[in-house]
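Asker: Quick note, the sequence shown lines up with residues 960 to 1143 if you use my numbering.
Check before you lean on any hint, since a few could be wrong.
What the hints assert, rightly or not - Here are the simulated EDC-like pairs of lysine to aspartate or glutamate, each with C-alpha atoms no more than 20 Å apart in a straight line:
id : residue 1 : residue 2
1  : K964      : D1104
2  : K1023     : D1011
3  : K1045     : E1015
4  : K1078     : E972
Said to hold, decoys possible - For each label pair, taking beta carbons as the anchor points, the in silico distance ranges come out as:
id : residue 1 : residue 2 : range
5  : S1027     : Q1122     : 18 to 28 Å
6  : A1105     : T1055     : 27 to 37 Å
7  : Q1071     : V1142     : 56 to 66 Å
Derived by calculation from the structure, the hints in this document are not laboratory data.
Remember, it's a predicted structure, so these values are computed and weren't measured experimentally.
Virtual Cβ for every residue (Gly too), placed ideally from N, Cα, C.
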Amino acid sequence: MSQRKYLSANEVEAMINAVPRGTNYHRDRCLIMMCYFHGLRASELCHLKITDIQGEHIFISRLKRGLSTTHPLQKCEQEAISQWLKSRKTWLNSDTQWLFLSQHGNPLSRQQFYELIKKYGIAAKLDIKAHPHMLRHACGFSLADAGKDTRLIQDYLGHRNIQHTVLYTATNSARFNSIQFNVN
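Turn these sequences into a full structure, and let the hints guide you.
Answerer: Here you go:
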């Protein structure tokens, strides 16, 4: 039996709520939200720059030849970013361009991000071993569950090939609910 490759919205929320108050509180809540809300790969999250945030939007530079685009920021995400940027001013190398920093003032690495997600998955008592790519998949499944069409999900996640997107809609049986047959 294969392990599930995504987190549910409730599991993502549990991870966000599992972040303890402390030095990394605002950073870690913000990065989990942003990874989930925008379907970011770990490297895409770690390569975000402060200048990518443009008012109520964020420029997402996709990797793996993906289609880069601008996404709206959710209200709770805007608040999380604001709190993180305020807290970030006290960190080493706070004048650097990178949005997310390690405690040593370097850009957060993929490995550090992986360890954070693993740690918060355990803290949230998830019954699945969480890793960053599960947040990307959670975004895709959440969009499909909300009834968004496959092309929109494709564009939102930056997929060039729709074959990479159909996995999110193929497992969503709710998409059949609007089908009606009229037989007299």
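Asker: Hint by hint, note whether the structure agrees.
Answerer: Structure-based check of each hint:
Taking the CA atoms of K964 and D1104, the gap is about 16 Å. The hint holds against a cut of 20 Å. At most 20 Å may separate the alpha-carbon atoms for a hinted pair to count; K1023 and D1011 meet this at roughly 19 Å. Our distance criterion of 20 Å between C-alpha atoms is met by K1045 and E1015, whose separation comes to about 17 Å. With a C-alpha separation of about 14 Å, the suggested pairing of K1078 with E972 holds against the 20 Å cut-off.
The hinted window of 18 to 28 Å between S1027 and Q1122 holds, with their beta carbons roughly 20 Å apart. At roughly 36 Å, the beta carbons of A1105 and T1055 sit within the given window of 27 to 37 Å. Between Q1071 and V1142 the beta carbons are some 59 Å apart, a value that agrees with the proposed interval 56 to 66 Å.
In summary, this structure violates none of the numbered hints.
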